[in-house]
Structure formats: C-alpha cells, structure tokens
Amino acid sequence: MKPPVFEYHAARSLEEAVALLSQHGWDAKILAGGQSLVPAMNFRLASPAVLIDINGVRELDGIEAADDGALRIGAMTRQRAVERSDLVKEVAPLLYEAMPWIAHPQIRTRGTLGGSLAHADPAAELPAVMLTLGAEFHVRGPAGERTIPADEFFFGLLMTALAPDEVLTAVSIPALAPRSGTAFVEFARRHGDYALAGVAAVVTLDRAGVCTDARIGLLSVGEGPMLAVAAGAALMGTSLTDTDIAKVGEAAAAETDPPGDLHASADFRRHLVGVLVRRAVAAARARAAGA
Amino acid sequence: MMSKAPYFGRRVPRNEDATLLTGRAQFIDDLELPDMLHVAFWRSDFAHGRIKGVDASAALARPDVVAAYTADDLGELWGPGPLLVPPPPIEDIVFHERCQVPLARDRILHAGEPVVAVVATSRYAAEDALAEVRVEIETLDAVVDLHAALEADAPILHEGLDSNLAAHCVQQKGDYAKARGAADLVIERRFHYDRGASAAIENRGVVAQWDEPNTKLTIWDTTQAPIPIRNGLAALYGLTERQVDVIAPFIGGGFGPKIMMFYPEEVVVPWIAMQLGRPVKWIEDRSENFYATTQERSQIHDAEVAFDSDGRILGIHDVFLHDTGAYDPYGLTVAINAQCTLLGCYDVPAYYSEFTAVFTNRPIVTPVRGAGRQHGVFVMERMLDLAAAELGIDRVEIRRRNYLGADDFPHDHGLVYQDFSSLTYDSGNYEPALTRAAEMIGYREWCDGGRAAARTDGRCEGVGIVSYVEGTGIGPYEGARVSIDPSGDVQVATGVGTQGQGHYTTLAQIVADAIGVDVARVQVVTGDTREFHWGTGTFASRGAVVAGNACHAAGMAVREKILNCASTHFGVSADDLVLGDGQVAVSGAPERTIDLGDLATLANPLRGAVVPGTEPGLEATAYFGPARGATASGVHAIRVEVDPETFDVRIRDYVVVHDCGRVINPLILDGQIHGGVAQGVGNAFYEQLVVDGTGQLLNASFMDYLLPTATDVPRIRIDHVETPAADTPLGVKGAGEAGCIPTAAAFAQAVEDALGLEGLEILEIPLSPNRLFELVRAAREGDAG
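Going down the list, the sequences are from chains A and P. Residues in the first sequence are numbered from 11 upward in steps of one, following my numbering. Residues in the second sequence are numbered from 298 upward in steps of one, following my numbering.
Heads up, some of the hints might be wrong.
Heads up, incomplete: computed chain P residues facing chain A, CB under 10 Å, no partners named [to be verified]:
1) V391
2) H393
3) E394
4) S419
5) Y421
6) C757
7) E942
8) T991
9) S998
10) L1003
11) T1006
12) P1066
13) R1074
The hints are simulated quantities; they were obtained by calculation from the structure and are not laboratory data. C-beta atoms are modelled at their ideal positions from N, C-alpha and C, and glycine is treated no differently.
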C-alpha cells in the first residue's frame, strides 16, 4: 500500500496551477484535500504521473455572501469550515445539514468542498446537494473562466464537465425562495460510510401551503447524483399531505434503477429510496411550513 | 487457595498504560536498524491455479532491488510447515495433514498466496519492483462452496487426496435415536455461520537480524507464541535454540491469528536476513492482511434437537461442515471447539456430533477469538429459542430447566476436548448469572408490557438473552521467574506473549501479593525468549490461568527465600517475621526491618560461601501445568431497536454477567469483555468476508469490510458471579474470548423479538440490513402464501 513514483508540483497561484495542468494534461491530477486520491494511489488504483498541489493557493479558500443573496464557496474550502459556517447554516441549510454525513471529522478537516465535487463519487453527499440546490460551478482554464450549471457538471461515474486543463475554483449556491424547507437524510451501514442511499430535498410552498417547487436529489443510486424529476413534479400543486408524500416515495423509487453491490441489492436500494424520500420530504415540509 | 490479599481482585490501573499512552511502547514497525532492507511479496491474484513459470529477473534488475527469491531459491527450507496441533485421540478420526509452504512452487491454493519475495532498500522500491515480476499461472476452477467442495466432480486442491475432505470426526454419547423416539418435539434446522477477519489494529510483521560473528539470529515477530516460534525456526534453519532469539514487542492485538503459525513470511524473512547478512523488515499492510493472515469461521450445521413437552433436551444430533481453507496446519481445534461448546451450560443426555472439515481455495482457517465456540453456542441457543416458541415456554425458563445444577460439577460430558483431555467442566453455577442478567436487562418487565409499550410508542424493540460456556486455561504449561533486584524492584519473566491483555499488571498483582511489594515496582517481561526459555504462548484464554498460577508459584517460592534469608539475618524464626511494603520486619520490633533490595544484596554476597542446599539471590522459577482447563461461563442480554423500514439495528442496552472464577483485576476484565462484545457485534451485524465463485475476496479493505466503530458498539453493563476454578490455586478462569462468543446468538434472538414476524427465523450470521430486508420479505411472502 505505497503509491508508485510521481512528480510533485506545489502551485503557488491559480495561474500556475492552470499552467501546470496545461503542460501535463491527462497525466496530471490536482491534489486538493487528498482524501480520495491519496488512498487510491496507495492502493495503486490511481497512478498519476504528476500531482499538482493547490493547497498553497489561498485565493481558492473562503465562504462569502454575494450581492444577490447567493453563497460563494471557494473550491479549497475545507469541509469542516463549511460545516462550521454560520453563513452556510443561514443561506444553505441543506448543505449545512448534509455536512456531518460526509465521512468523519478527521477527513472533513482535510477534505475540500471542491475536491469532493471534482471527484464526483456517486455515493458522495456534496454532488447530490449541489444538484438539488441548482448550484453553479466556476472553473478556470487556459482560456479563462467559465460557469457550468450543476445539472451539466456531473457526467456519470467519477466524470465531470471539467476539461483536463481546468481547475474548479468555486461554487455558487442560490438563495432559497421564501417558504422553502430543506432536508437531508441518508442511510449508511456505519456513520461516515458511503450511503446505501441518500436524499436531499427542497420544497417551496405558497401562502396557502400549496407546493410550488420541489427538488429531490438522490445519491448512491447510479453512476452520479440524480434528480428524481418525476417525483418532484408529482408534488407540485399538492398540499404535501401524508398521502402525497407516501406517493412521492413510491414515485422516486420507481424512477430509479440503482445498482446492487455488496451492501445493498438493487431491490433493497430502491426500497430505501422510497423510504428516505418520504422521510426527507416530510421533514422539508415541516420546515417549510415553519419558515 | 491463598487468602485475600491486597492487590488480587482490585481495579489496579495498568502498569503498562503510561508507556503506551505516551507513545513510548515499541511496536515492530518502530524498529529501525542500520542498513535495513525491506521485503514485499508478490502474491497470486488467483485463488486456484498451477504455476507454469516465474521470472523475477526484471525486478532484480531495478536499481533499488537487492534480491528476489522464489520457491526454487529456498533449497532445503522449502516444504510444508509443521502441523501445530495433531488430531485428538478420537476413535476413527480421519485427518489429512496439508500444511502451507513458504513460497508457492507448483500450485496456488488461495488468493494472496506468496510466490516471490522481493528485497529492496525501501518498501516503496520493493512494491514498485513487484510490478516487474512475471508469474504465469494456469487458472483452475476454485472451490468455495462447502457442499460443492465435496461433490464428486469438484476440483481437488491437494495432490494425493481423492477429495477435498480434510478431516472427519464423530463424537457421541448416549443414544440419540432413542431420545428422538421418546421426544414430544423434534426441531431440525440448517444454520450458516460465515467468515470474518480478526482485523487486529496492528497487522503482522517480522524483522530479523543475523549476527555473523556470534552466529546468532534475532527475530522480532508479532507472535502470540515466541517460544514455539523460536524452537521451530531454529530447527528449520539448522540452528540450536540458543542461537535464535525471538522477541515479541508490544503488539496491537492478537485475537488468534498471531499464534505459532510459521506463516510464509515468518519463515522466509529471517532466512533472507541470514542470506544477505543485513537486517530485513517486512510489515504486512492491510491489503495483505485480508489474504495472508488466517481467518475464521465458515460452518454449516444441520442440527436436530429432541425435547420433551416441558422443554427439556433429550438429545441433540448435529452434522456440520467446517471450512479449513487451503491448508490445515492448526489441526481441528476450531471444529472440535464448535462440537464441544454446543453443549453449553446444559444437561444433554444424548449427543451425536459429526463434522467434516473441507479444503477450500480460501485463506487458512485457524482460531480467531472464540475459535469455533460461537458456532456451537449459536446453534444451541437458537434451538432453545425455537423450542420455547413452539412449546409456549418462556425463553429464560427453558434455559433454566436445562441447566446443569450447581451440584453437577465436575461434569464429564464424555467427549474429547481440543486439548485432548476429556470435556469435563471443572466447576460452574449458571442460574445466578441468568437471574442477574434477566434482572439487569429488565426481562420480566419487558415481557409484562414493556414490549407492547415500545410498540405503542412506535419503537420496534426486542430483547435477547443467552448463555454460554468457554473452556479456558488449557495446558500444557507455563513458567515464570521472579527475582528481587538490589534496587528493591521485582522482575517477573514469563514465556507467554502479550497483545494488550494487561499481563504487565495482572501478573504483577499476583507477584506483588505473594511477596508484599507495591505493584508498580513489579516489572513484567513477556514474549522475549532471551528472558525466559520455556513456555507455550498466549491463546485459548490461558494467560491469566496458566502463567498466572506459575507467577503465583514462583512468587511464593521467593517469599519462602525472603523469610529464610531474613530469619538468618535477624536471628529470629520465620514465624516472627512480617512481610509487606517491600520490607521484612520482626514482629513487634518495628526498628528491626530490612528492605527487600538490601536483603537481595545480602543474599548474593561477594565473600563467603553459599550455604549448601541454598541458592544465591532472591529468585525462583516455577511452572504450572493444569491437567485440564477451567470452564468459564456467563449470560449476555441485549435490547435492540430495529428500524422496520431500513432494517438498521441499534443496540440500546447490553448486559454481561460473567463467571470466570476469581477475578484478578475487574478493570482489566471489563476491558476484555468490552473488546470481546465489540468483536461479537462486528461478527453479528457488520463483518463478513465476501468472495465470488472464483475465490476472489470482494471487500478487501476497511471501506467495504465493516468493523463496528464507537457509534455501533453499545455501552456494556457488566456484573460478575465468582465460581472459583476447582483445579488451580488461584481459582481463576480465562476471560479472553467470553465477550464475543454468545453475542450473535443474543443479537439474533433480539432482532426476531423486535420484528415479531410469524415465520421469521434467523438461522445465519452475520446479518445486515440488506439480509434482514430479504428475510422479512420472504417471511411476509410466506404469510401471504
């Protein structure tokens, strides 16, 4: 369990990181928190010839409120900092609720927001949360900066819209509409494990308590994070009664085709999606009603 | 038995903790020797195959690589390792000895079997070089399933055998057929118990150094049994036992697989040090550990129990398959333990037990904490639960009715145990522990409304309560040397290894009591053949019993010397001397005292002659060899909450009432039980080595092989019953394995109780949410049909 030989560069600026990426292309990997990449290298499952360490790039770290009420989080912000941020708690309660489910405190202390998103593990919490919140991904390449919406960023198993010479620099999360409630639930064998299934939910009510928007994100049900579009649509215009919510669980289960693995068969996973969607939407409803 | 003494029975804080907690304890990977080389092993990815060619030349050509060895390079060293435990003397027993080889030469019999050893200047360089090793393997169909392994068309692992049968053994007493004929109820079920890893926090490791001028070999080895390893390796290398030292440093957990195994790495690494004349280190990494370290515990039992209408057991018939893995160097210990321990705390008039041990293309099976006892307890306790339900008898009551009575000891079961002696329980008293455990878990209240109230509150909870015995403290023997240093410190040396059991404290307590000194001044050395030449090792819950009684005997012998010496010094009778606080005083004359250190100096004079018939110094060596083991017992009770939708199970309460005879140190005993229960919880609900049909392990990392963590292991409430061991001076019984033996049986009973679903029977371990989902669905479909 020792990594093979690799070349190491410590980038001191974003420009330098992008330049190094341009130079090495597919041979290079960005080293952020290293919580997925380094174990993969130790198992010799990944053997990048070049590592470009961006831990010294200060401009990528930080959480700030934008003028439009959105939240902008730098890619190198440690997960632990996101977890402890009052601003995140206020503006993006769904993200705040999801943070403690990510692995363990030791891992969150090193692991970065951007690292997890760029790695795009289908069982990871952050991609599903960003997809559910409709976040935007800011990336920098040799040609400058571009912004990618969440639903165009994730491309299947460990794949993203990032080009080999691009660095993820920040994520913007829009503010929630009034009378919105969010909830994050997942089921893992042990706390901190990759979830067998997980759900991020946002519901928005009008003044009469009728659902005007519902977004249900799922993790660990396929090759990437997924929105249960039909289930979300089925909630629109309802008053989110227990019956409506029970139905949405079934609808979400029906629109997933999850894989089976050692810890959960496809059947069990689909069953869990139904249970967890029901629980998440019920919790989100209660919070929206109180908002 | 000795009288009540100051340290015995007290919660004495551990002598070793200061060293361990401040990071000063030396573990094997802390060893850095000048000029040291590092070894990595090329291991087969395939579980079954024929080696057609091995070429390590490209690896050898790499600049950092010093040497590479294949089976052909080993010369006379190559061959099957020793059979560590021969089959017991049981009539008509069949046993085919097939022990592992140091490096595979012709056949690959399990994934991870080592083929080439690469030696380089660092472990990094050695692992890089493994990629250059070329081994051509013709793959063969793998033998994984225990039933399929015995079918006529199964591929056969070992040459010279006409099947994969490794052993066959029948033990019986009474007349089961007659018992069955007289029964009011006969229950038949098949039980599955699958494999886990021992998963010690520290993997194995070997460091070796050959001292050419002195022709002396020093081996640091994470072994539970340094003395047998020294003896065996000396014989293998053609050296005398005095030319080989084996040092077992601090070890991060043993749990069985670090027993005297003569693992390939254990044999090859010191040999390499001798070839190269340089120190050599090999540290097993976690990936290797999943293949290269021995495991337990696949068995499939077809059991039948005959009851009368009162729920009394008339007889038991059990036929089981035991997976021994690719080789069987540790004989039949695990299977015999399962066979014998099935009888548990109960009076069983007729018993027929037959097992077949099977070779499979999986890593070797040797004892892992519990060592087969879990299987027997699971079968018996589940059968009692099924009978209780069938007959409408309370679960606690059916156990009480079948218990051996307090007057039934010693109780000879008429079987042969793993140590070759008769399966005789030296002592026991089971009912008080059952009563106490039922009280502590609130069993009566649970049955009388507690369960219903939980349901009303929307909680799906259940309670389980089970009994077990554990044969502990087996021979052959251990020894100890106790010496008083002129500083007044006391040194104790013994041959057992230590891997976290608290020997530095418990053995010190025993000696401190014998000679009247502060326990913190007693320094215990274990696991170092330079310090003590004779002994066996730490396994089978025997350290406290066998080494403990040896320490007691040596301590009492030193006490005798102290009194004789002081009697001469003061010119008074030994009866007039008082021993305590590290001093000897003349009774009634407090001004006439001498420190034990000064007395030790007097006992080793620079002038004058040692009086004939006496020995210099205040030192004695003694040995203890029990004729048979001491049977510990206990009751575990558990309350669980099941999420009826996700099938997650949380343990809400866990009670252990334990009887291991007289308790040396309740603090350390509690720790042993806590750790055991944690492993039992892992075994019940988290840990399973999953292989596919080709013998590939599918979860060879701690990401997918789930150890229970702090959030999964409950707080454990413990109480003790003390029924002293009948045959040992200290009255102690072993406690090392008790915590994990009945956990799965208690867990299964509680989950069934919680789900309360007609037709749901849990007859397998380990469980998981996914498996409970399937079992519940099958039970519901059964209902519907």
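So, going through the hints one by one against the coordinates:
| no. | hint | verdict |
| --- | --- | --- |
| 1 | V391 | violated, 36 Å |
| 2 | H393 | violated, 33 Å |
| 3 | E394 | violated, 34 Å |
| 4 | S419 | holds, 8 Å |
| 5 | Y421 | holds, 5 Å |
| 6 | C757 | violated, 14 Å |
| 7 | E942 | holds, 4 Å |
| 8 | T991 | violated, 16 Å |
| 9 | S998 | holds, 7 Å |
| 10 | L1003 | holds, 5 Å |
| 11 | T1006 | holds, 5 Å |
| 12 | P1066 | holds, 7 Å |
| 13 | R1074 | holds, 8 Å |
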